[in-house]
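A.B. asks: Below are the chains, spelled out letter by letter.
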Amino acid sequence: MPVVDPDPEFAALYNRHHGFVWRILRRLGVDAASLDDATQDVFVVVHRRRDDLAADASVRSWLFGIARRVAADIHRGQRRARRKLEALPAPAPSAPLDDQVARTEAATMVRTFLERLDPGHRMVFVLSDVEGLTAPEVATALDLKVNTVYSRLRNVRQKFERAVARHQARSKVAHG
Amino acid sequence: MAERLPPELSPTARALLDAFRDDESPAVSVRQRGLATVHDRVEDASSSASNAANGRFYVKVVAVTVMLAAALLLAVKVVGAGVTALADRARTPAMEAPYQGGATAEGGLAVAREPEPAVRPPKVRATTPPAPAPMEAEVVDPPTEPAVAEVEPTVQTPAVGARRPHSSSERTASVHDLQAEVALIKKATAAKNEGRVQAGLAALREHGRRFAQGTLADERQVLLVELLCAAGRPDEARTRALRFLRMHPRSALAGRMRAACPER
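Top to bottom, those sequences are chains A and B. For the numbering used here, add 14 to where a residue sits in the first sequence, where the first one is 1. For the numbering used here, add 1209 to where a residue sits in the second sequence, where the first one is 1.
Check the hints yourself; a few may be wrong.
Quick list of in silico lysine to aspartate or glutamate cross-link-like pairs, EDC-like style, CA-CA up to 20 Å [to be verified]:
| hint | chain 1 | residue 1 | chain 2 | residue 2 |
| --- | --- | --- | --- | --- |
| 1 | A | 173 | B | 1445 |
| 2 | A | 173 | A | 145 |
| 3 | B | 1401 | B | 1445 |
| 4 | A | 186 | A | 175 |
| 5 | A | 159 | A | 70 |
| 6 | A | 173 | B | 1217 |
Now the in silico label distances, taken between C-beta atoms and shown as ranges [said to hold, decoys possible]:
| hint | chain 1 | residue 1 | chain 2 | residue 2 | range |
| --- | --- | --- | --- | --- | --- |
| 7 | A | 126 | B | 1214 | 47 to 57 Å |
| 8 | A | 185 | B | 1464 | 22 to 32 Å |
| 9 | B | 1422 | A | 71 | 21 to 31 Å |
| 10 | A | 172 | B | 1234 | 19 to 29 Å |
| 11 | B | 1286 | A | 25 | 51 to 61 Å |
| 12 | B | 1234 | A | 185 | 21 to 31 Å |
| 13 | B | 1234 | A | 183 | 26 to 36 Å |
| 14 | A | 21 | B | 1278 | 35 to 45 Å |
| 15 | B | 1464 | A | 148 | 50 to 60 Å |
Just so you know, the hints here were simulated from the structure itself, not pulled from any lab data. Cβ atoms here follow ideal geometry from the backbone N, Cα and C, with glycine treated the same way.
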């Protein structure tokens, strides 16, 4: 019964950050079949411990810490999760539209790029340029110095720009 | 340290990252479904982790137990003292004592008597207001239920949980009232299960009239929502459910209330 919302403050926090938690868990290697449950796990912890969040702390840095622990728990039970996933029927492919194709192509390019990065640089780039955290927030979430965040970000952005240029060149060749 | 800031991404690169972000994001339906599940999980966890979270529920259980124990003790005491002697004394005119604060007989039991005015009003039991004929409510029910306010009591009647019973007669009356409450709730539940919606609503209406703040008032609210939903009045049912959950977010009945009238 969606009209019932006994805790509007929590619901607002949930709605604001659900996408962030979902994507971070995905980046942390949680498989697609477990993403929904894992996101709920994070918010159950958030609900229990929201009083622990300091007034001046970044919510997303705090959420990232919880998500990382939840993801670690899930990885420990990965084998069982994989068995579950294999038991599921494969989803029926939907007919792609042009913009969906373009979006999927772009997403695939970025995903491939991220997979080639080392984990330390990858998470800095994801938190900063995909999720929009500030450098101090990224530093807090990953327990790094701010200058280290800047340094990694500069490095990855340069690599990403080169990868984008290559992707565009290939697209021109492919589509005339 | 502006010179240490990394260069901004080009618009093309930014667009690719935005597309990637959209592609990785969950659907809105996933988010909405997840919130309901999180609420349920939080509620389940809190109810199993802490008895205190369900204070009202446990107070009711304790109250019922205490009242039943009190009734049992009272019965033993009355038998032990000699029911016959007590009844005889109660029937003796001399019992109308030289002073007005004595005891009187009511149904064979000694009952404390309040000081009375010179002209006595007809005697009415404190905790059992005159009830309608047993099936009256069902018989006079119109085909379409009137506003739910009808189910709520319009006449203020003393309720079981309103005050702590002091005298033995009050305790006995409380136990009787509780039994009556249970019977009405069971009647409404049976009617709901058998699809007799109007009969169920009539039973709840009677419960509301006789036991406005009764021990099973919350159970009445949940059944009312379920029956209103079954009667084809989902808007009214959901409004009531929402109000209940606002007032009792941690009630043991909150989960059942939330599922009482799902949207089709």
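A.B. asks: Which of the numbered hints are not met once you compare them with the structure shown?
C.D. replies: 1, 7, 8, 9 and 15
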